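Chemist: Please model the entire structure based on the sequences and the hints provided.
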Amino acid sequence: MRSDRITPLQQPQQQQPQRRRLLLPLLLSLGLPLLARAPLVHAEDARHSLTFKDDVGRELTLKTPLKRVVVFNRYTTEFVRAVAGMQPVVGVDIDSARSHSYWPTVTPAMLAGQGQSSPNYEAIVAMQPDAVFFPRNSDWQKAAAVLGRFGIPVVVVTAWDVLKHEENVTLFGRLFEQPQRAAKLNAFYRRYRDLLAQRLQNLPMAQRKRVYIEEVGAYKTLLKGSGWHDMVEVGGGVNVFRDVSVLSQPSARGSVQGFSVDPEEVVARMPDVIVKLEPAQYEPHSRAFSLQVLEAVAARPGFDRIPAVRNGQVYHISYYLAGGCSKIIGALQIAKWLYPDRFKDVDPDQVMRTWLEDFQQVSAPGGYTASLAELRK
Amino acid sequence: MKMDIPAPTLMQSLQRHQRRNALAMIAGVALLIAAMALAGSLGAQKLGMATSLRALFAPLLPVAWLNDIPAWQISLLQQLRLPRIVMAVVAGAGLALAGVAMQGITRNPLVSPYTVGISPAAAFGASLAILSGATGVAGAWSGLYLTVAAAFASAVLCATLVLAFSALRGVSATMLVLGGVGLTYLFSALTASVQFVATEQQLAAIVQWTFGSLNGSTWNEVAVAGGVLLLGAPLLQWHAWALNAFAAGGDDIAASLGFAVGRVRTVVTVVAVMITAAVVSFTGVIGFVGLVAPHIARLLIGGDHRWLLPFSAIVGALLVLLSDMAGRLLFAPVIIPVGIVVAYVGVPLFLHLLLSSRHKAGL
Amino acid sequence: MLNISGLHYRHGKRLILDNIDLQVGAGEIVGLVGPNGAGKSTLLKCINRINRVMPSQHARMTLAGDNLQDMSRRNLARAIAYVPQHTGPAMSLRVADMIALGRAPHRTWNSGERDHRIVLDAIERLKLQELALRPYDELSGGERQRVLLARALVQQGRLLLLDEPTSDLDLHHQLEAMTAAREIADAQGSGVLIAIHDLALAARFADRLVMLREGRVVAQGHWREVLTPQHIEAVYGVSARIGSDGDIPYVIPLRTP
Chain A
0 MRSDRITPLQ
10 QPQQQQPQRR
20 RLLLPLLLSL
30 GLPLLARAPL
40 VHAEDARHSL
50 TFKDDVGREL
60 TLKTPLKRVV
70 VFNRYTTEFV
80 RAVAGMQPVV
90 GVDIDSARSH
100 SYWPTVTPAM
110 LAGQGQSSPN
120 YEAIVAMQPD
130 AVFFPRNSDW
140 QKAAAVLGRF
150 GIPVVVVTAW
160 DVLKHEENVT
170 LFGRLFEQPQ
180 RAAKLNAFYR
190 RYRDLLAQRL
200 QNLPMAQRKR
210 VYIEEVGAYK
220 TLLKGSGWHD
230 MVEVGGGVNV
240 FRDVSVLSQP
250 SARGSVQGFS
260 VDPEEVVARM
270 PDVIVKLEPA
280 QYEPHSRAFS
290 LQVLEAVAAR
300 PGFDRIPAVR
310 NGQVYHISYY
320 LAGGCSKIIG
330 ALQIAKWLYP
340 DRFKDVDPDQ
350 VMRTWLEDFQ
360 QVSAPGGYTA
370 SLAELRK
Chain B
0 MKMDIPAPTL
10 MQSLQRHQRR
20 NALAMIAGVA
30 LLIAAMALAG
40 SLGAQKLGMA
50 TSLRALFAPL
60 LPVAWLNDIP
70 AWQISLLQQL
80 RLPRIVMAVV
90 AGAGLALAGV
100 AMQGITRNPL
110 VSPYTVGISP
120 AAAFGASLAI
130 LSGATGVAGA
140 WSGLYLTVAA
150 AFASAVLCAT
160 LVLAFSALRG
170 VSATMLVLGG
180 VGLTYLFSAL
190 TASVQFVATE
200 QQLAAIVQWT
210 FGSLNGSTWN
220 EVAVAGGVLL
230 LGAPLLQWHA
240 WALNAFAAGG
250 DDIAASLGFA
260 VGRVRTVVTV
270 VAVMITAAVV
280 SFTGVIGFVG
290 LVAPHIARLL
300 IGGDHRWLLP
310 FSAIVGALLV
320 LLSDMAGRLL
330 FAPVIIPVGI
340 VVAYVGVPLF
350 LHLLLSSRHK
360 AGL
Chain C
0 MLNISGLHYR
10 HGKRLILDNI
20 DLQVGAGEIV
30 GLVGPNGAGK
40 STLLKCINRI
50 NRVMPSQHAR
60 MTLAGDNLQD
70 MSRRNLARAI
80 AYVPQHTGPA
90 MSLRVADMIA
100 LGRAPHRTWN
110 SGERDHRIVL
120 DAIERLKLQE
130 LALRPYDELS
140 GGERQRVLLA
150 RALVQQGRLL
160 LLDEPTSDLD
170 LHHQLEAMTA
180 AREIADAQGS
190 GVLIAIHDLA
200 LAARFADRLV
210 MLREGRVVAQ
220 GHWREVLTPQ
230 HIEAVYGVSA
240 RIGSDGDIPY
250 VIPLRTP
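Chains as they are written, first to last, in numbering that gives the first Met the number 0: chain A, 0 to 376; chain B, 0 to 362; chain C, 0 to 256.
Derived by calculation from the structure, the hints in this document are not laboratory data.
No experiment lies behind these values; they were computed from the predicted model shown.
Idealized CB from N, CA, C, for every residue including glycine.
There could be a bad hint or two in this list.
[Stated by the list, open to error] Simulated restraints on C-beta separations: (1) A:S98 <-> B:F195: 27 to 35 Å; (2) B:A342 <-> A:R190: 48 to 56 Å; (3) A:Q349 <-> B:L37: 56 to 64 Å.
Modeler: Here's what the structure looks like:
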């Protein structure tokens, strides 16, 4: 009875198929990338070439205009739509696929994966894009390595980075050969950015309103280094927690840091205005929901002493409006709340409408903000 | 040697048992191959069986047979799907083997690569690498491999600590388990601390890593992990009898049967750790397989490690492969990380087996 | 066969075994008796080197002339078979495989067939045919003991060490286990050293007795010489009546003085 012989015999059998399976593809992988590039050369004529540096400093050369792109990250997709329309977009992430009313031209077949951290490489390859856009806070390195084998370039563009707004928009203008539309968008952005800077220029720090900004989690505020903090300060407010700094990396710009603060500290700092961010999509919150959120904030223990609550200057703003067009619209709204006299002639809702209708080609439902004072009436 | 009348029936029943085990192994391997073929033909891109087989063996076939298949589809199969499938098999087999080995030498059915601290340590290493920001640097390869190297180094460090502690107090089963549990908590806390100070995008990357995913597996990764597995598996099989002795009787018995207890324990631990670290560094944390695949195998084939080791490997490979398929296909094209699906697939299976074979669950 | 002289064993500061002299001949059963904590188990573990004994010029432990301290692990396992007192909850292994473990020290790459025959033979001898394919932990105490004896049997050692083989067994199985030990001694010519509580059982089956108290040998020899009321009172603190019913000895504890 070769009871203990059977096992030694089986081990080699198990090993060999595994080795053989590795050998062939290893050999193939040497030769195939050459093959893989072939079908991607379009039998196209008038295409130019553009060499540029992407957000992480990689130098890339692409054929323009880009005709087929896969885009990860909603902010990037918005910019592409603003500059080039949805026509060149062949693949999106789940965020864009979910909201049908905001992205009416997106079909389920265009879904290229959950999101920037877990793209579906097979789907992307099947879409045969000219380029794939990733923000820098994604697994772009892995994507570049994998997609590179298929000759598909990965371009790192971080559209949510407000500091790079104009640079990104200009780049898109060149990539999609739509310089005028890019210029128009930049002009739109610059106009309001300059407006804010101008009107707040002579407002000394001591007179600026103090703002406590809170994200969706209770007692989670945003600090210097976060794009939302910048939005408040660009809008002329002073973040009551601006003195707090958490050790953060240079690459932290524009990220949201849900920094937990002591409730007593919030009360102690006596903010003039409270701004509460709530997540939302294209569809705005119902009035009832907004009221509920604001009343909950006002009802917190100790908050009745805060000037903001006493004056009803508690505002609810959806991330959607706040983040629109690199947060400039949010900044505008905040400026309007803080200094209604200085910004009497500015209508943030109208600006939002322009952004949505002209640049995003969807209708503007309105109602992205609510104030406690208003709702109490 | 006189064989009386009763003996032939005993001999026969023993032979029948052996044959049954051999059949189970063959069936397992066949099932695995079938699953791999199926996984090859399914995906975001639906290629028929015939097409996938043709694409797989492309270099061996005449060009005429391949005319209708676009080169990018062949490439997709060769570069995306096949490495992913093989990685699933390697990861499942490796983690299961590590689990069996560790359970055997500690005589503890609750031990797995996870509970001995290896996986949490790897997660910590990866999170440190991500935190350092160096992974975001464009320099193509450095960032990718930094995370892998950090995870691997951290896992090996943890194992060294566990073994060092036990060496001080005698390499006993209890020491390994307790030391491992302690380090599990330590590394989990360390990872949580890293998550606490990380920025949002770093946090997302860290959390993503802990899900355990086979997305984007490349042949290079397969070669490294597979290589370690191919080296380690025969080594473990060599110690199958030692594992039987440990599991069946404990240190004293094993020693009295002539096994070098301390040395075997150390060798087996090192091999199990290396295999786990090699797998987990690339795929992230895929839990559950190392714990449960051995038990599923035990319920089907018994506790003799000569059979249990290879059969656990097959069960583990099947578990991970099928989970990855489910994760890829159920909500296509959204891919659910395999680390999440494995528990959903494995637990019902495990409970079913446990309940239906209560009388022979000699755990 | 087994020859121990001048053995000392320390655990930490405590001296557990003090100057032990003991012999076990081929085919001989020696019963090791004594109260709890006398050092019986410890002595057995010293012999098969589970306990590490510091080498000293006065102590010698030899088996058929070979120095036990110098033997390799494997050779030691070939020479000495050990059946422990407590087998903790084992992870499931079939009876046949449990027994086959005993062949581990003898196994070479081509010994499969021979090992298998020896295992089958042991199963027969200890009447374990019905249980051969059952998982070990489903067995009763008596059945488990037989399996462990079978494992010791296939180890084919020159010396068999049994640590309290009858403590958990009922009357029937007690007799069975001791009879099996006797058979092994007779059939293989091994020396058998049994640490055992039951004095009457020890006296009945052993050729000689060694009585230990607090790590020292108090008496050695035929049971009539060792099991005297004086010895029993000195060692156990109990007065007892010893006698025999024909060939079968009995020990009746009377009262504590």
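Chemist: Would you pick out the hints that fail for this structure and give their numbers low to high?
Modeler: none
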